[in-house]
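The listed protein sequences derive, respectively, from chains A and B. The first sequence: position 229 = 228 (numbering that gives the first Met the number 0), numbered continuously. The second sequence: position 367 = 366 (numbering that gives the first Met the number 0), numbered continuously.
Hints were generated in silico from the structure; no laboratory data involved. Keep in mind that a hint or two might mislead.
Any copy, or any two copies together, can satisfy a pair, since identical chains are not distinguished.
To be verified - With a cut-off of at most 30 Å between alpha-carbon atoms, the simulated BS3-like pairs for lysine-lysine come out as follows: (1) LYS334 - LYS407; (2) LYS72 - LYS3; (3) LYS90 - LYS162; (4) LYS68 - LYS3.
There are 2 protein chains.
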Amino acid sequence: MDIKDLRINEARLRSTLEEMAKIGATSGGGVQRLALSDEDKRARDLFVKWLKEIDCEVTIDEMGNIFGKRHGKNNELSPVMSGSHIDSQPKGGRFDGILGVMGALEVLRTLYENNVVTERPIVIVDWTNEEGSRFVPAMVASGVWAGALDRDWAYDRTDINGKKQGEELERIGYRGPAPARKWPVYAYYEYHIEQGPVLERERKTIGAPKGILCLHWYDIYLEGEANQVGPTPMQGRHDALCSAAEMILKVNEVPGKMGGNMVATVGEIQNYPNSRNIIPDGVHFTVDIRSWNDEQALRAWVSLKRDFQEIANRRGTPMRVEETLRVEHAPFDEKLVQRVLDCAGELGYSSNYMVSGAGHDASYMNQICPTVMIFVPSIGDRSHVEVENTTWEDGRAGADVLLHCLLKTANEK
Amino acid sequence: MDIKDLRINEARLRSTLEEMAKIGATSGGGVQRLALSDEDKRARDLFVKWLKEIDCEVTIDEMGNIFGKRHGKNNELSPVMSGSHIDSQPKGGRFDGILGVMGALEVLRTLYENNVVTERPIVIVDWTNEEGSRFVPAMVASGVWAGALDRDWAYDRTDINGKKQGEELERIGYRGPAPARKWPVYAYYEYHIEQGPVLERERKTIGAPKGILCLHWYDIYLEGEANQVGPTPMQGRHDALCSAAEMILKVNEVPGKMGGNMVATVGEIQNYPNSRNIIPDGVHFTVDIRSWNDEQALRAWVSLKRDFQEIANRRGTPMRVEETLRVEHAPFDEKLVQRVLDCAGELGYSSNYMVSGAGHDASYMNQICPTVMIFVPSIGDRSHVEVENTTWEDGRAGADVLLHCLLKTANEK
Numbered sequence: 000m001d002i003k004d005l006r007i008n009e010a011r012l013r014s015t016l017e018e019m020a021k022i023g024a025t026s027g028g029g030v031q032r033l034a035l036s037d038e039d040k041r042a043r044d045l046f047v048k049w050l051k052e053i054d055c056e057v058t059i060d061e062m063g064n065i066f067g068k069r070h071g072k073n074n075e076l077s078p079v080m081s082g083s084h085i086d087s088q089p090k091g092g093r094f095d096g097i098l099g100v101m102g103a104l105e106v107l108r109t110l111y112e113n114n115v116v117t118e119r120p121i122v123i124v125d126w127t128n129e130e131g132s133r134f135v136p137a138m139v140a141s142g143v144w145a146g147a148l149d150r151d152w153a154y155d156r157t158d159i160n161g162k163k164q165g166e167e168l169e170r171i172g173y174r175g176p177a178p179a180r181k182w183p184v185y186a187y188y189e190y191h192i193e194q195g196p197v198l199e200r201e202r203k204t205i206g207a208p209k210g211i212l213c214l215h216w217y218d219i220y221l222e223g224e225a226n227q228v229g230p231t232p233m234q235g236r237h238d239a240l241c242s243a244a245e246m247i248l249k250v251n252e253v254p255g256k257m258g259g260n261m262v263a264t265v266g267e268i269q270n271y272p273n274s275r276n277i278i279p280d281g282v283h284f285t286v287d288i289r290s291w292n293d294e295q296a297l298r299a300w301v302s303l304k305r306d307f308q309e310i311a312n313r314r315g316t317p318m319r320v321e322e323t324l325r326v327e328h329a330p331f332d333e334k335l336v337q338r339v340l341d342c343a344g345e346l347g348y349s350s351n352y353m354v355s356g357a358g359h360d361a362s363y364m365n366q367i368c369p370t371v372m373i374f375v376p377s378i379g380d381r382s383h384v385e386v387e388n389t390t391w392e393d394g395r396a397g398a399d400v401l402l403h404c405l406l407k408t409a410n411e412k
Numbered sequence: 000m001d002i003k004d005l006r007i008n009e010a011r012l013r014s015t016l017e018e019m020a021k022i023g024a025t026s027g028g029g030v031q032r033l034a035l036s037d038e039d040k041r042a043r044d045l046f047v048k049w050l051k052e053i054d055c056e057v058t059i060d061e062m063g064n065i066f067g068k069r070h071g072k073n074n075e076l077s078p079v080m081s082g083s084h085i086d087s088q089p090k091g092g093r094f095d096g097i098l099g100v101m102g103a104l105e106v107l108r109t110l111y112e113n114n115v116v117t118e119r120p121i122v123i124v125d126w127t128n129e130e131g132s133r134f135v136p137a138m139v140a141s142g143v144w145a146g147a148l149d150r151d152w153a154y155d156r157t158d159i160n161g162k163k164q165g166e167e168l169e170r171i172g173y174r175g176p177a178p179a180r181k182w183p184v185y186a187y188y189e190y191h192i193e194q195g196p197v198l199e200r201e202r203k204t205i206g207a208p209k210g211i212l213c214l215h216w217y218d219i220y221l222e223g224e225a226n227q228v229g230p231t232p233m234q235g236r237h238d239a240l241c242s243a244a245e246m247i248l249k250v251n252e253v254p255g256k257m258g259g260n261m262v263a264t265v266g267e268i269q270n271y272p273n274s275r276n277i278i279p280d281g282v283h284f285t286v287d288i289r290s291w292n293d294e295q296a297l298r299a300w301v302s303l304k305r306d307f308q309e310i311a312n313r314r315g316t317p318m319r320v321e322e323t324l325r326v327e328h329a330p331f332d333e334k335l336v337q338r339v340l341d342c343a344g345e346l347g348y349s350s351n352y353m354v355s356g357a358g359h360d361a362s363y364m365n366q367i368c369p370t371v372m373i374f375v376p377s378i379g380d381r382s383h384v385e386v387e388n389t390t391w392e393d394g395r396a397g398a399d400v401l402l403h404c405l406l407k408t409a410n411e412k
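Start from the sequences and build out the full structure, keeping to the hints where you can.
What follows is the structure in structure tokens.
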């Protein structure tokens, strides 16, 4: 068989994804598989079992990252890597992350059953805690591995119940012996659902993002004065929730003022004491700013911080600000982006040159090796929710593009 | 001893309050004794023990209301009643509610040790769940007793952990045998801290409120569309938290538009899924409106609801509204208000004619018998918080005014 005619097995990819979707399945048809939960452990165990079935060499590192290596003809050459993450959002979907891991597994199964050996080794990876919804920040383990974040700092991150990330790695048996430290990688491919409206709107099957928007996270803490609401006149109140409400609207307005493809969101808020007849005396909320233009994102933050301070002063609710995370925008390797577009064309799929609004482990990988992503459409632009969906045909298309991209790149000497 | 010279025992009142403050004491110097919690039970047990020590006849009704009856010379006459509540806010203070129960107890102890028997019986009462912070609504048990609320509906109210109020009454052993149904009461006095700034500002010791502001509670539910924040453009978002932020500011502005002594507050908010990188798809928040003018409060709500609907339509976040509680403003009995002012004067205390912004069990009692309240100053206008405080001198002053009001009213034939 000519290698050009090689195709992945759609039915097998589908049943693999369906089996994974049972682990942490929610009543709404989604998946809840929070990082380092019991569900994450069960999915990891299954993934490791499947890797061993096709003779991959499995390595677990100190951050719980799982690497499955398939040897090449020349194992002195640096490997090509592909993967994504197994963890999910709370009440998340059946494709986000897992498609990129199971898609790469399907590619290796296809090579295995056809006895195709590439020049370079190919490594599949499952990065720990990409989502950041249990332990902040997101993409922490690829960040540590790439040398951008500190391992012990990552171990110390705690969830809402006070559990530390390092302890939870230990508890589920995935604090491995290998150092979480980068080694030479020839190229990194990450296959993922788009999580946006572009491909569906443009009626394209394959997206080749030119890169990922920058990602800035902030945490705002406001202090008010609690009092019984009935006897406390409006004049002289220090209502932390009213200050937060004004600030939330400022965040919502800032992308319109700045222009471009910026988005800005308040996704999380805690209000204290959160009793209907007490004036709120403490609020914490988050700010998420993304743009292709890092400078513009910083200007938006400077402008917001000035507005926030004015609101806090006027309402008498002192403010504290934490700058939690800053990841620069990541333009991907132009040659690899072109390869994705070319492979899509050769396989007869329409494709689109675009940007990725979501952060991915590819952001950190992009700092250490040529990197690219492959997107397939999200139905109805829904993601991070239980109804997240992608057709099996598009799932197959993306995996076939990944197969041929990996074949080309892994056969480069 | 002339009955006019009778005074309560400040030291005993203080040590009684200090002993009660140990039950549910918080690290910040306050008290957390939520309705029907283990702490509430311990405080109730102690109160019942103290009632029995001065030969009061104790009755527990189906709503857990505790009545302690001291016989008069003529037990055919309807009794005079006085009391308040033992439950507290989460992280509440050491005076709200408990001062009115222990103050009345101190009055009865004073009568007991001086062998003073009044014409009419005197009944002390602890009303269950005045605060409404564990089980909504507030003042539920005086409401049932007065015939304004339904007992089984009250039993069915659930707390945040899904526990029902009726089951929790049973669990702590305070679902008593007596029907929670009003019987003839000659007059009702409720002694309470002001929880507002007026007495302190006016430098008065005793407040005689002409009545309680009306109290309207609403619950607003907004539905948005959850999506990953990065790839979802600002246009076309349906962000439930942004809608809520606009609405919170409308609530904050409405008293200024309506004038008078109206206050309006959003004290509580829940946001879903509350993850920093997901657009909020569900928000619940509360609205609390109070005014001396019931019609004005209704007009404010009509205006708010119109604004809310416009916001919900514009942002594409469907809204559901529940009208949770409406208690009309309660003008107290003019003769009793005058009696409080007169007694304060006779005892040498300055006094002030005012309104009460906070709801009290006196609101429901006012529907069935002549009712009045006695206020003492709240230091620094702080209430429903751990630093809530009142001087022991003012605590004594209020109890002495209560003593002489009760003597006069209970000696009326």
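Given a CA cutoff of 30 Å, do LYS72 and LYS3 count as a within-copy pair, a between-copy pair, both, or neither?
-> within (19 Å within a copy, 107 Å between copies)
Pop the pair LYS334 and LYS407 into one bin, within, between, both or neither, using alpha-carbon distances up to 30 Å.
For LYS334 and LYS407, only the intra-copy Cα distance (12 Å) is at most 30 Å; the inter-copy one is 96 Å.
Up to 30 Å between alpha-carbons, please classify LYS90 paired with LYS162: within, between, both or neither.
both (20 Å within a copy, 25 Å between copies)
Checklist line | Copy assignment of LYS68 with LYS3, given that the CA separation must stay at most 30 Å | finding: Answer is within; shortest intra-copy Cα gap is 23 Å, inter-copy 95 Å.
Of the numbered hints given earlier, the model fails none.
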